[in-house]
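*Asks:* From just these sequences and the hints, can you work out the full model?
Chain by chain, the residues run as shown.
There are 2 protein chains.
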Amino acid sequence: MASEIEKSADKSNRQGAMLGILKALAHPIRLQIIVDLINDENGAERHCTSFGLTVAKATRSHHFKLLKDVGLISHIDRGNHSLAKLRREELEEEFPGLMGLLSNL
Amino acid sequence: MASEIEKSADKSNRQGAMLGILKALAHPIRLQIIVDLINDENGAERHCTSFGLTVAKATRSHHFKLLKDVGLISHIDRGNHSLAKLRREELEEEFPGLMGLLSNL
DNA sequence: TATAAGGTTCGATAAAATTCGAACGTATAT
DNA sequence: ATATACGTTCGAATTTTATCGAACCTTATA
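As they're listed, the protein sequences go chains A and B. Numbering-wise (our numbering), the first sequence opens with residue 1 and increments by one. Numbering-wise (our numbering), the second sequence opens with residue 1 and increments by one.
If you're looking for bench data, these hints aren't it; they were derived computationally from the structure. The structure displayed is predicted, hence computed values, not measured ones. Glycine included, each C-beta is placed from N, C-alpha and C at the ideal position. Hints may be right or wrong, so weigh each one.
Derived DEER-like restraints, expressed as beta-carbon distance ranges [claimed, not checked]:
#1 B:K85 <-> A:A58: 29 to 37 angstroms
#2 A:S82 <-> B:K68: 39 to 47 angstroms
#3 B:G43 <-> A:N80: 51 to 59 angstroms
Straight-line distance between alpha carbons at most 30 angstroms, and here's what the computed DSSO-like set of lysine-lysine pairs gives [unchecked claim]:
#4 A:K68 <-> A:K85
#5 B:K85 <-> B:K65
#6 B:K85 <-> B:K23
#7 A:K57 <-> B:K23
#8 A:K68 <-> A:K57
#9 B:K57 <-> A:K85
#10 A:K57 <-> A:K23
#11 B:K65 <-> A:K23
#12 A:K57 <-> B:K57
#13 B:K57 <-> A:K68
#14 A:K65 <-> B:K23
#15 A:K23 <-> B:K68
#16 B:K85 <-> A:K23
#17 A:K23 <-> B:K57
*Replies:* Structural data, given as C-alpha cells:
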C-alpha cells in the first residue's frame, strides 16, 4: 500500500516524466517525427533517414537520442542501420490520450 | 469548401499552434501553473501570486505572458491585480484530450 | 582484408530561453 | 494628491539547446 509520501513522490515523478516528454516534443523536428510515427501503422519501424530531415547527421542523431531518452521511441541500433519505433502501447498506458492528441496534427 | 492547399495550411498552423503550446508547457513552472488551473474548479480565476512560485516578479510575469501568448490562459489585467484563467473550453474544442492528459499529473 | 556506408560521440560555436534588478505605469488607499 | 502595492517592460547576464564538422565505431560489401 502506498503512503501519502509515496503517492506524492509518484505524482512528482509522473509530472517529471511528462515534463521530459513535453520538452522532447517542443521542437519542430522532433514533433514531426513523432506525429509521423503515430500516423504510421501500428508497430512500424522506420529508418532515421526516412523522415526527410534536412539537418546534419550528428544533429539527427541528437534528436533521436532525445526522443529515446524520454521513452517516446525505442531505438534499434544495428551499428549500420538505425530504426525508430514508437512506444505506442507503453505511452498509451502511462499517459492515456497523448497519442490521440498528437494524431490530429 | 476547403481546398487541398488550404487544408494543408490548416494542418501546418494546427501543428504550429500545438508546437507553441508544447513549448509553453515544457517548463516546470508553467506546467505546474496549468496543472493547478486544470485541477481547479471550472472557470476559476486565480491571482498570479497564488501559485507559490519562488521566482522574481519579472520572471513570473514572463511565464504568464508566455502562457497567454499561446492561448493556454486568458489574462485579466486590472493594473494592480492580475488574474489568470484557464481557456478550458476553447482548448478542449481545438485540442481535444489536452486537458485530460494534463489533469492526471 | 580492404573499402564503403551509416550512426554515434566529441568539441566548439551559435542560437534560444531563463532569470533578475531597475525603471516605469496603473490602480487602490490614506 | 501622495504614497503604496502590484504588474509589466527593458537590458544584461547566465544557462540551456541546437547545430555542425571531424574523428571514430560497426556492419555490409567488393
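*Asks:* Hints first: check each against the structure and report whether it holds.
*Replies:* Against the structure, the hints come out as follows:
1. B:K85 <-> A:A58: 29 to 37 angstroms: 44 angstroms Cβ-Cβ, so the 29 to 37 angstroms window is violated.
2. A:S82 <-> B:K68: 39 to 47 angstroms: The hinted range 39 to 47 angstroms holds for S82 (chain A) and K68 (chain B), with Cβ atoms some 41 angstroms apart.
3. B:G43 <-> A:N80: 51 to 59 angstroms: With a Cβ separation near 57 angstroms, G43 (chain B) and N80 (chain A) satisfy 51 to 59 angstroms, so the hint holds.
4. A:K68 <-> A:K85: holds, 9 angstroms
5. B:K85 <-> B:K65: holds, 13 angstroms
6. B:K85 <-> B:K23: holds, 19 angstroms
7. A:K57 <-> B:K23: holds, 24 angstroms
8. A:K68 <-> A:K57: holds, 16 angstroms
9. B:K57 <-> A:K85: violated, 43 angstroms
10. A:K57 <-> A:K23: holds, 21 angstroms
11. B:K65 <-> A:K23: Distance of about 19 angstroms is within 30 angstroms: holds.
12. A:K57 <-> B:K57: violated, 42 angstroms
13. B:K57 <-> A:K68: It is violated: about 36 angstroms lies between the C-alpha atoms, which goes past 30 angstroms.
14. A:K65 <-> B:K23: holds, 19 angstroms
15. A:K23 <-> B:K68: holds, 19 angstroms
16. B:K85 <-> A:K23: holds, 24 angstroms
17. A:K23 <-> B:K57: At roughly 24 angstroms apart (the allowed maximum being 30 angstroms), K57 (chain B) and K23 (chain A) satisfy the hint.
Hints 1, 9, 12 and 13 from the earlier list are contradicted by this structure; the remaining hints agree with it.
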